[in-house]
Amino acid sequence: MVQSLGYLKESPSQTAGPYVHIGCTPNFCGIEGIFEKDLGSGPLYNDKTKGERITIRGAVFDGGGYALKDALIEIWQADADGLYNSPSETRGAADPNFLGWGRNPGDMATGEFVFHTIKPGKVPFKNGVWMAPHITFWVVARGINIGLQTRMYFPEEEEANAADPVLARIEHKPRIPTLIAKKDGDDYRFDIRLQGENETVFFDI
Amino acid sequence: MRAPQRALISLEGTKSEITGPVFGHNMLNELDNDLILNYARPGEMAIGERILVHGRVRDERGVGVAGALVEFWQANAGGRYRHKKETYLAAIDPNFGGVGRTITDENGFYWFKTIRPGAYPWPNGVNDWRPAHIHFSIFGHGFAQRLITQMYFEGDPMIWNCPIIKTIPDEEAIQRLVAALDMNATIPMDMRAYKFDIVLRGRRSTLFENRKEGN
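From first to last, the protein sequence lines are chains A and B.
Under the numbering used here, the first sequence has 132 at position 132, and the numbering climbs by one with no breaks.
So the numbering used here is basically just the index in the second sequence, starting at one, shifted up by 205.
Because the hints were derived from the structure by calculation, they are not lab data.
Check each hint, because a few of them may be wrong.
In silico EDC-like pairs for lysine to aspartate or glutamate, Cα to Cα no more than 20 Å straight-line [what the hints assert, rightly or not]: (1) LYS289/B with ASP38/A; (2) LYS69/A with GLU377/B; (3) LYS9/A with GLU376/B; (4) LYS9/A with ASP402/B; (5) LYS122/A with ASP310/B; (6) LYS37/A with ASP402/B; (7) LYS400/B with ASP310/B; (8) LYS37/A with GLU235/B; (9) LYS289/B with GLU32/A; (10) LYS290/B with GLU112/A; (11) LYS9/A with GLU235/B; (12) LYS126/A with GLU217/B; (13) LYS290/B with GLU32/A; (14) LYS290/B with ASP107/A; (15) LYS37/A with ASP375/B; (16) LYS400/B with GLU10/A; (17) LYS289/B with ASP107/A; (18) LYS289/B with GLU112/A; (19) LYS9/A with ASP395/B; (20) LYS9/A with GLU377/B.
Source: prediction; values computed, not measured.
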């Protein structure tokens with residue numbers, strides 16, 4: 001027998017379940033006094049954060065067209081200059097007034113989630129190619145066995161979107177619009193469809 | 206109704222996936238990892254079997270993941286969750302909230318104190334019961350490592366007839382979610398211990414980013 005490679009196997013994922021709020025947004029579900037505030041709640045920016053303020057609204061829909069009322073949505077994005085506030089960022093220091101991560105449980109009655117954030121800058125892919133400005137979304141809920149990763153792009157960035165190497169990976173071109181937010185007054189609307197017609201593109205990363 | 210019908214599209218990790226938020230120890234309060242006391246009224250404590258849950262978060266290469274935020278939530282000793290939408294008839298424990306969090310140390314180790322949760326009936330089949338379990342949410346160093354899973358307890362016969370556990374196709378993988386009774390870490394006359402190790406996705410090093418820890 002050859003030597004073992006010795007790699008460990010990733011812990012299997014399990015559903016977050018219907019009570020994910022207890023662990024991730026306890027104040028939201030009425031468990032007050034343990035954490036001062038729910039992690040990732042509120043605007044992602046403060047007064048000193050650089051960049052254009054934006055609001056993203058949306059909901060997560062199941063195969064029957066119904067909005068999930070027990071989903072938990074997280075976002076991860078770069079700052080206005082396209083830098084990530086992460087130790088794994090090798091290009092320089094990101095805006096110290098912007099973590100770039102947020103968490104929203106969605107309204108218990110309507111399922112709508114809201115993020116108040118900034119528009120991210122473009123981020124390099126490799127070989128001198130740039131990705132269009134985008135925000136990574138991660139969705140968990142009862143009935144979802146492994147967190148679903150997707151991306152939101154901006155409708156006004158037509159040229160950058162057309163040149164985006166990740167969108168270019170999507171062979172079925174009619175599916176690309178599922179990743180592009182819609183303008184909704186001053187806000188962006190980004191609905192995520194888990195199943196069926198206009199199913200959102202999800203990534204294995 | 207909630208599973209995508211189309212295949213996931215594979216994507217090589219870009220900057221967006223290999224970076225992720227990191228949380229500072231300064232956000233933690235003293236009792237964040239003590240579920241026995243963090244919701245209890247002064248001088249009181251949660252009712253149930255007192256246990257210490259501890260373990261290590263590593264990546265696939267066996268390297269400890271330092272500074273990883275670990276969040277956990279669970280039902281009380283009777284299997285009752287403290288949640289608006291929960292209607293199971295077992296009693297709420299007025300001194301138990303069921304939520305905690307901690308951050309791994311420089312070697313990836315974490316621990317918390319809690320009470321052992323009870324089994325919990327749920328409306329799936331007509332008589333389905335979840336085994337005793339604790340939900341875990343883990344942030345690694347990259348957003349691609351983001352993981353939510355559940356921990357089960359060694360020797361629980363309910364594990365082998367749970368539809369949620371059966372979504373994992375092989376028994377060996379299921380066993381990796383079962384925490385072992387750890388008498389070594391038990392605190393005599395105080396609490397028993399369970400050891401639960403977690404493995405996050407590893408990252409392949411590239412020659413262009415010469416970092417000792419691999420990335």
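So, going through the hints one by one against the coordinates:
Simply put, LYS289/B and ASP38/A have alpha-carbon atoms about 17 Å apart, close enough for the 20 Å limit, and the pair holds. For the given pair, LYS69/A sits about 34 Å from GLU377/B by alpha-carbon distance, which is inconsistent with the 20 Å threshold. For the hint pairing LYS9/A with GLU376/B, the CA-to-CA distance comes to about 14 Å; that is within 20 Å, so the pair holds. Distance restraint check for LYS9/A and ASP402/B: the Cα-Cα separation of roughly 11 Å lies within the 20 Å cut-off, and the hinted pair is therefore satisfied.
Note on LYS122/A and ASP310/B: the hinted pairing is violated, with a Cα-Cα distance of about 34 Å set against a maximum of 20 Å. The hinted pair formed by LYS37/A and ASP402/B fails the criterion: a straight-line CA distance of about 28 Å is larger than 20 Å. As the CA atoms of LYS400/B and ASP310/B are separated by approximately 16 Å, the hinted pair is consistent with the 20 Å bound. About 15 Å separates the Cα atoms of LYS37/A and GLU235/B, which keeps this hinted pair within 20 Å; it holds.
Between LYS289/B and GLU32/A, the direct Cα distance comes to roughly 13 Å. Compliance with the 20 Å bound is thereby established for this hinted pair. A C-alpha spacing of about 18 Å is found between LYS290/B and GLU112/A, which places the hinted pair at or below 20 Å, so the restraint holds. About 33 Å separates the Cα atoms of LYS9/A and GLU235/B, which puts this hinted pair outside 20 Å; it is violated. The suggested pairing of LYS126/A with GLU217/B holds, with an alpha-carbon distance near 11 Å, which does not exceed 20 Å.
The straight-line distance between the Cα atoms of LYS290/B and GLU32/A is roughly 16 Å, inside the 20 Å bound, and the hint therefore holds. As the CA atoms of LYS290/B and ASP107/A are separated by approximately 13 Å, the hinted pair is consistent with the 20 Å bound. Taken as a hint, the LYS37/A and ASP375/B pair is broken in the structure, with Cα atoms around 39 Å apart against an allowance of 20 Å. Pair hint LYS400/B plus GLU10/A holds up; C-alpha atoms about 17 Å apart against a cutoff of 20 Å.
Between LYS289/B and ASP107/A the CA atoms are separated by roughly 13 Å; this keeps the pair inside 20 Å, and the hint holds. For the suggested pair LYS289/B and GLU112/A, the alpha carbons sit about 18 Å apart, so the restraint of at most 20 Å is met. With a CA separation close to 34 Å, the supplied pair LYS9/A and ASP395/B exceeds the 20 Å bound. Under the criterion of a C-alpha separation no larger than 20 Å, the hint pairing LYS9/A with GLU377/B is consistent with the structure, at around 11 Å.
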